[in-house]
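> Just so you know, the protein sequences line up as chains D and H, in that order.
Quick note: to get our numbering, add 1220 to the position in the first sequence (first position is 1).
Quick note: to get our numbering, add 2 to the position in the second sequence (first position is 1).
Just so you know, not all the hints are guaranteed correct.
[Stated by the list, open to error] Here are the computed lysine-lysine pairs in the DSS-like style, where the Cα-Cα straight-line distance is at most 25 angstroms: (1) K1391(D) / K5(H); (2) K24(H) / K1367(D); (3) K183(H) / K5(H); (4) K1281(D) / K43(H); (5) K183(H) / K1391(D); (6) K1280(D) / K70(H).
Keep in mind the hints are simulated off the structure, nothing from the lab.
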Amino acid sequence: MIKADYINFKKFEKLSYDLRKSILMSAKKSGGRGAHLGGTMSCVDILIYLYFSKVLKYFKKVPDHPLRDRLYIGKGHAHLALYHIWSKIGFINKKKLNSYTRNGTKLSVQLDHFIAGSEYNTGSLGHVIGVGIGTALKARIDKNKFKVFCLIGDGECESGSIWESVLCASKLKIKNLVVIVDMNKMSEMQKLDEKSDIELKNKFKSYNWNTIIADGHSFSSLRKAFSKQFKNNYPTVIIANTIKGKGVSYMENKVEWHHQAPSQEQFNLALKEYINEKN
Amino acid sequence: MKKIDFRNAFFDEMFLLAKKNKNLIFLTGDISAHSLPKFQKKFPSRFYNLGVAEQNMITVSTGLAMNKKKVFVFSMIPFLTMRCYEHIKIDICSHNLPVVLIGIGSGLSYDTDGHSAQAIFDIGIMRMLPEMEIYNPSDPISTKHICKIVSTNKNPTYVRLDKSQQVSIYNKKDSFKKGFKVFKNKGKNCIISSGVMVHKSLRIINELKEKNLKTDLIDLIKIKPLPEKEILKVIRKYNKIFIIDENTFSGGISSVISEVLVKNFIKKKINFFCLKNTQDVGNYGNREWLHKRHGIDVKSLTKKIYKLSND
C-alpha cells in the first residue's frame, strides 16, 4: 500500500468511527424509533468512501449545482448516516441536525428532496435505478460530464421494478450509471442466502452489466471497485458485501436490528463499545 | 367533415412544440401512433421506446424531469396509470414534476379488448393524487390546444385520449383556457359530459330539438383542478342536470360534479347516465353494443332525458 493510501484509509476509518458514534447518539436521543440502525451501519463505510474520497463530486456551497454527481438513495432508512455526512460537509447546520425526528422537523426517518444534498423522496423501494437512468440520459443528451450513482439494498433487489430498470439501463447502454448494492445479506424479516452476492452478480451479468464484488467495509477494496474502468458502454454494479449493524457487536448480523429501536440501556451498551475502543 | 384520430391531433402538435422546445422528450411504452415516426426520425435523441415496462418508464421520466427536461410519457391508460400508480405518486407527484402522462383508450375505446384494456375509472384514481392535473379533450381541436397548454404546465399532468376518430366540434380560434365549453341552446336543462361522449350528447341535443325540447351542453375538458367558480356560475341557472359519462360513477365525472354541488350547498335535480359499476368480464361487443348494455346509447338516453325533462 502506498503511503498516501495508508493516510487516506486511516482518515476514512476515523470518519467511519465518528459517524457510527454520531448515528448512535442521534438515534439514542430520538428514542431510536425508525432509525433502522442495522441497514444504516452496514452502508456507513460505502458512504464515507463516496463522499470523502472524491468519488462523488459535489459543490460544498451549492448543493444543487447542475454539474454535481448525483447519488440517488434507494435505502432511505439509512438516513441518519446521510444527515451526519451532509452536516459534516456543511449542507445541514447543527440546529437542523438536532431537530431530527422532533415535531415540525425537516429531518425525519426518510429522505426528501428539500434537504440539501438529498436528491429523492425515499421510503418506497425499487425506484432509484430508473431515476438514475433518466438523469444519466439527460447527461448524455446534453453532453454533461456528471456521473450518476444509486445506493440500494439487497432486499430491495427483490422488487420487480428494479429489474425493469436493470434491463432498460443495459438496452440504452447507460455507461454513466453505477449502482451500489449494500449486500448485508438480510432484509427486514429474513437472512438471505450466503451465496446471494454471487447470485445477484450473475443476475446483473446476464443483463450485460459490468459487475464487481467488493468488501463494503474495506476502503482498499472499495477503492479498487470504484476505480475500475470498463471499456464497454454498459452500466456498472458494485455489490458491496457488508455486515448488518456493523460496529455494534450485539447488533451485527441480527435481523431484528433492521428497524428495532434499542432501549436506553442497549444504547449505552453500544456507545460503551465506542468509548472503550477510543480509550 | 373530416374525422381525425385524437393521437394524431395531439402528437402533430407535440411535434411542432418539440421543434421550438429542445428540452421536450418523448417516452413510449411500446405503443405507437401514425404521427409518431416523424418525431422519432427528426429527434432521435429525444424519442425513447422503453418497452412494456411502464413502472421503469415513470422512474426514467422522473430522472429526466428532475433535470429540467419536459417529458411526455405515452402508453395505454390502464398500464400508464393503474399499473404504475405508486411510481406516479412517489416519483412524479411527491417531487411535483411537470411530467405529462398521455393515456390512450379512454372509457370503452378498446371495446372488444375487454376490461384489461378499458379505462372506466382512471379519472377517479388519478384525481386522488393531490398534485395531478387532468384533461379530457373531446375533439381534434381541443386536443391540439390541450397539448399546447400542458406543454408549459408546472405540475404533473394526465391527458386522456380517446382511441377513435372524431370530427371537430370547435373552431381553431376557440380558447380552452377556461377548461370547459358551453353549447347554448336557450335550454332550461343542461347535459354535462366529457371526452368522446360530448359527440353523443350533441346528437341527443339535436334529437331533443326535433321534439321541441331545448337543452344546453357543457363539455368538461379540464377535470382537475375543476374551474369550480366559473362552472358553478353556469350550472346554477339550469333546472335539471343530466350527466352523460362513459366511466363508472365514482371513477368519472359523476362524482366530480356531485362533490362540487354538495360542497357549495347547491340543490339540483341531477340524473347520472354513466357506466354500471362492473368490469363486465365475459361480455364483449363493439362500443355501440356496450353503450346499449349500459343504457347510455343515444336512443335510450334521448328517450330518458325527454321524459325526465317533462316530469
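> Determine for every hint whether it applies to the structure shown.
Hint-by-hint comparison with the structure:
Distance check on the hinted pair: K1391(D) and K5(H) sit about 38 angstroms apart at the alpha-carbon level, beyond 25 angstroms; violated. The suggested pairing of K24(H) with K1367(D) holds, with an alpha-carbon distance near 22 angstroms, which does not exceed 25 angstroms. Among the hinted pairs, K183(H) with K5(H) is consistent with the structure: their alpha-carbon atoms are about 20 angstroms apart, no more than 25 angstroms. The suggested pairing of K1281(D) with K43(H) is violated, with an alpha-carbon distance near 42 angstroms, which exceeds 25 angstroms.
Using a Cα cut-off of 25 angstroms, the hinted pair K183(H) and K1391(D) is violated, with the two alpha carbons roughly 45 angstroms apart. Simply put, K1280(D) and K70(H) have alpha-carbon atoms about 22 angstroms apart, close enough for the 25 angstroms limit, and the pair holds.
Checked against the numbered hints given earlier, this structure breaks hints 1, 4 and 5; the rest are met.
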